[in-house]
Structures are given as structure tokens and as C-alpha cells.
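Peer 1: The chain contents come next:
Protein chains: 2
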Amino acid sequence: MTDQNHKPLGIICLSGGMDSCVTAAIACCEVIPAFLHVSYGQRTREREKKAFDDLANYYNVPKERRLHVAIDYLKKIGGSALTDPGIAVPSHEKITQSLPGELPVTYVPFRNTHILSIAVSWAEVIKARFIYMGAVAEDSAGYPDCRPEYFEAFNNLISVGSSLENRLIVKTPLINLSKAEIVKRGMELDAPLHLSWSCYKNSDKACGKCDSCLRRKRAFEMAGYTDPISYKNPS
Amino acid sequence: MTDQNHKPLGIICLSGGMDSCVTAAIACCEVIPAFLHVSYGQRTREREKKAFDDLANYYNVPKERRLHVAIDYLKKIGGSALTDPGIAVPSHEKITQSLPGELPVTYVPFRNTHILSIAVSWAEVIKARFIYMGAVAEDSAGYPDCRPEYFEAFNNLISVGSSLENRLIVKTPLINLSKAEIVKRGMELDAPLHLSWSCYKNSDKACGKCDSCLRRKRAFEMAGYTDPISYKNPS
Chain A
1 MTDQNHKPLG
11 IICLSGGMDS
21 CVTAAIACCE
31 VIPAFLHVSY
41 GQRTREREKK
51 AFDDLANYYN
61 VPKERRLHVA
71 IDYLKKIGGS
81 ALTDPGIAVP
91 SHEKITQSLP
101 GELPVTYVPF
111 RNTHILSIAV
121 SWAEVIKARF
131 IYMGAVAEDS
141 AGYPDCRPEY
151 FEAFNNLISV
161 GSSLENRLIV
171 KTPLINLSKA
181 EIVKRGMELD
191 APLHLSWSCY
201 KNSDKACGKC
211 DSCLRRKRAF
221 EMAGYTDPIS
231 YKNPS
Chain B
236 MTDQNHKPLG
246 IICLSGGMDS
256 CVTAAIACCE
266 VIPAFLHVSY
276 GQRTREREKK
286 AFDDLANYYN
296 VPKERRLHVA
306 IDYLKKIGGS
316 ALTDPGIAVP
326 SHEKITQSLP
336 GELPVTYVPF
346 RNTHILSIAV
356 SWAEVIKARF
366 IYMGAVAEDS
376 AGYPDCRPEY
386 FEAFNNLISV
396 GSSLENRLIV
406 KTPLINLSKA
416 EIVKRGMELD
426 APLHLSWSCY
436 KNSDKACGKC
446 DSCLRRKRAF
456 EMAGYTDPIS
466 YKNPS
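Protein sequence lines, in the order shown, are assigned to chains A and B.
My numbering applies: residue 1 is where the first sequence begins, and numbers increase by one.
My numbering applies: residue 236 is where the second sequence begins, and numbers increase by one.
No lab work stands behind these hints, which were simulated from the structure alone.
All figures in this text were calculated on a predicted structure; none of them were measured in a lab.
Treat the hints with care, since some could be wrong.
Unchecked claim - Interface residues of chain A toward chain B, partial, derived using beta-carbon atoms under 10 Å: (1) 107; (2) 120; (3) 124; (4) 126; (5) 218; (6) 220; (7) 224.
Claimed, not checked - Simulated pairs of lysine to any residue, SDA-like, Cα-Cα distance not exceeding 20 Å: (8) A:75 - A:29; (9) A:205 - A:166; (10) B:440 - B:420; (11) B:311 - A:10; (12) A:63 - A:156; (13) A:127 - B:341; (14) A:127 - A:156; (15) A:63 - B:311; (16) B:310 - A:67; (17) B:285 - B:264; (18) A:127 - B:440; (19) B:362 - A:84; (20) B:310 - B:362; (21) B:311 - A:6; (22) B:414 - B:453; (23) B:284 - A:171; (24) A:7 - A:195; (25) A:171 - A:185; (26) B:311 - A:84; (27) A:75 - B:299; (28) A:75 - B:440; (29) B:310 - A:205; (30) A:205 - A:46; (31) A:75 - B:372; (32) B:419 - B:372; (33) A:232 - A:185; (34) A:75 - B:456; (35) A:75 - A:200; (36) B:362 - A:78; (37) A:201 - A:231; (38) A:76 - B:301; (39) B:414 - B:362; (40) A:50 - A:159.
A virtual CB, placed ideally from N, CA and C, is assigned to each residue, including glycine.
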């Protein structure tokens, strides 16, 4: 067993999805973990919260190092299929048909900055040294706040705008990995992927058809592993 | 009357205090105003919300261009006298006695980033071109997120991390003014300072003793104007 006392404290932003699950597996080797979950009025928030709780239990994170924050104002502000019931979550076909330079409707305006800001405020109080986020640059064609330059800019913001200055750093260990490499890394680390939740649409059984499900399924296929969760539409 | 149609849309972050009131007066000359109020579990939130409503009514801001967001998680996270009932709001004497390099207990960890992030998300949806915040560099000895370099870093974050890129800019028209100059600017623009609220402690009548009241009173004195609000402890 690793001596926990020699490790710094690290906050892991955990949506409950595959990427954040693998990020947690990596982070738990490096830091004493504190788990942060942010729900923002997204359709599948209850199911994602369950995945967060399951993962926190799996890693034995005590209650005082778990924080769940609901920022339902993102639903009030709208502008995304993930938070606005008036905008349909598209099938993969529709996404690929969208115009070049146009953002997918699943983009939630400036979402990652909200999540990271909560992590920084918490880090200032509990004196954490690191924040982990499972962002993947491969997604960056759609989401501007998943690109390496975004995280560089955010680390710069921390250094000038928080009391921790350069003593707090956001780490994105998956940023340059492909989805298949993320699955492989998760398998190597025995990440509890059976507890993670990726579907944008459903809360009972993953739909297998939304963009998030399709990307996950393809990642497992390309990595040569079987996805431990089951789907409504397996083909 | 100015032709509103030729002006861009601008979001004004309005706490309801003196600085944000003068910022609103400046912004209303430049943009079609949208008013944003963020309460974060601070002691005087109800009174500040009233000041926000009064100021929005004064400037005839219609309901669809008003947004009030409660981010009570900053209270949950704690670490500030403004949100944690267990930490006393100090008198001015105690603040000046604090150690050099130490943050005042009224610092709310990373607060401005939360407020600005909400403004950016809203701007992405309503297509605003500007965000105004009444930050003052004079306060920056205490608050890292009031410094010009902080806003420069935040504008850089918008340019890489939001869908609006360089089409959205945060403006801080008071950043280099002294508190006395802010009062003068407000008077020149007929800013409704009688509707603003600055006290950190009370919600009925301003205490006149907390750091925020003392700074406001001194500003009016130095500017040579009478503060239109009354105090419990006028001397």
C-alpha cells in the first residue's frame, strides 16, 4: 500500500464518464484524491451522479473529500442540446452533416471554465496542489474548451487570479490520447470502466446511438476490448 | 435619445455596490445593457439583490435582459468571511493589522472567475459583444482577481475557450481609478448612487464600520460629495 501521507492533495473533476474514470485511475496513483462532480442541468444528471458516487466508493474517497455542486443556471442560460429540452440530441449522422466551423449543439457554452473555477475555489480552501480533468484534444474540433491552449490559458489565469498562484496546476493526462488509447490506459490501470456512464440521452440503459455512445463503442472496438457496459442498440 | 439599434449588446456584472453602479452608468452610454447579478451565499445577498433590481428598473432594463444567478456552492466551499458565518467580518483596524502578503478574510476564493464565466456563457447565447465589471485595481493588494493582469488573462481565456473567440471582450472601465475618482465619475454621469449598496454586514442600514463602508465613505469625502445613503454609525 502506498504511503498516502507523502502525496499531495489533488482534485479530480469527475463527470462519471469514461474519460474522467480513466483520469481518476491515473490521478489516484499520484495524489490523495478529492472528487468533484458538477451537474449543470444536463438530461442524464441523475445517472451521472450515480456513476460519480460509484467511482468515489470504488476509490474509497471519504465524504469530506467529495463535493457535488449543481449549477442549474447553465440550464437557465440554455444554448445546448445537453441542457435545453427544446434542442434535440442529434444522432451521429446529423453531427457529421453540420457545417465546418459550426459548433455541435451538444456544446455547453464555456462549461469547462465553470467546472474548473469550482475546483479552484475548493482547492484554495482545502489547499490542493493539482486539479485533474479528463479533457481530450480529439474532441477539440467541436469544443473550444477541450484544447491544450485552453488549459494553458486557464493555468495562467490561476497563476494571476487565485491565492495559490503557481502552487496549483490543472493537469489533463488524456489530452493527447486517442479514445482507443484511453481505453487501453484504463485497462492497464484496472480503471472501473464498468461503473462509468457516457450516454447523453438515457439514464437506464445507454442508447448506443448518441454521439457519446458511438465514440465510446468505437474506442473499445479499436482498442480490442469489450465494453463492460451494455447498450439498448448494441449493433 | 440615442438610437439603441446601433449599439452592440453588453452584459454588466452588477453586484449592486457603488463601483458596479458607476460601471453601469458608463456601460449604458456604450451598449444595449443586459444586467447580470450573481449571489454567492454572501451575508447581504438579499439587500444586494434589491439594489440590483432598483438599478435595473432605473435603467429600464427589460426582464429578458436581466439574469439573476445564485451560486450557493461558494458558501458550501467556504473560506471567506463574506460567505462563512464562522468567520467574522473584520473592522478596518483588523484588516490593516493583517500580515503582509496575507489575503483579507473577505476574499472569496476565485469569485470573479465564477461571475465572469456566467457572463461569458450568457454572452455566447445572447450574442453579447462586451462584458463590464467594476473591478478596481486599488483593491488588488487584497484580491488577486481584481488586477489588470487577471482581466488580461481572462480575455485570453475567452479567446481560446469560447465560441465567441475575439468577438467578446471584458471591459473594466474603473480599473485604474481611485475610489474618489469613481465617485466623481458617477456624479458626472448622474449614476443612481442612492440606489447602490456597499455594506458587507447589514441589510437594513449600512453599518458604516466594515471595510467596504469605510472605503465608500472615504471616497465620497475625498471627492467632496455627500454620500446619498445614510449610515448607522455616521462618524
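Peer 1: Each hint needs a verdict: does it hold in this structure or not?
Peer 2: We went through each hint and held it up to the structure:
| no. | hint | verdict |
| --- | --- | --- |
| 1 | 107 | holds, 7 Å |
| 2 | 120 | holds, 5 Å |
| 3 | 124 | holds, 4 Å |
| 4 | 126 | holds, 9 Å |
| 5 | 218 | violated, 26 Å |
| 6 | 220 | violated, 30 Å |
| 7 | 224 | violated, 35 Å |
| 8 | A:75 - A:29 | violated, 35 Å |
| 9 | A:205 - A:166 | violated, 43 Å |
| 10 | B:440 - B:420 | violated, 25 Å |
| 11 | B:311 - A:10 | holds, 19 Å |
| 12 | A:63 - A:156 | violated, 31 Å |
| 13 | A:127 - B:341 | holds, 18 Å |
| 14 | A:127 - A:156 | holds, 18 Å |
| 15 | A:63 - B:311 | holds, 14 Å |
| 16 | B:310 - A:67 | holds, 13 Å |
| 17 | B:285 - B:264 | violated, 23 Å |
| 18 | A:127 - B:440 | violated, 37 Å |
| 19 | B:362 - A:84 | holds, 17 Å |
| 20 | B:310 - B:362 | violated, 31 Å |
| 21 | B:311 - A:6 | violated, 28 Å |
| 22 | B:414 - B:453 | holds, 8 Å |
| 23 | B:284 - A:171 | violated, 37 Å |
| 24 | A:7 - A:195 | violated, 26 Å |
| 25 | A:171 - A:185 | holds, 16 Å |
| 26 | B:311 - A:84 | violated, 27 Å |
| 27 | A:75 - B:299 | holds, 15 Å |
| 28 | A:75 - B:440 | violated, 36 Å |
| 29 | B:310 - A:205 | violated, 36 Å |
| 30 | A:205 - A:46 | holds, 13 Å |
| 31 | A:75 - B:372 | violated, 33 Å |
| 32 | B:419 - B:372 | holds, 17 Å |
| 33 | A:232 - A:185 | violated, 26 Å |
| 34 | A:75 - B:456 | violated, 45 Å |
| 35 | A:75 - A:200 | holds, 15 Å |
| 36 | B:362 - A:78 | holds, 13 Å |
| 37 | A:201 - A:231 | holds, 12 Å |
| 38 | A:76 - B:301 | holds, 12 Å |
| 39 | B:414 - B:362 | violated, 32 Å |
| 40 | A:50 - A:159 | violated, 34 Å |
Of the numbered hints given earlier, the model fails hints 5, 6, 7, 8, 9, 10, 12, 17, 18, 20, 21, 23, 24, 26, 28, 29, 31, 33, 34, 39, 40; all others are met.
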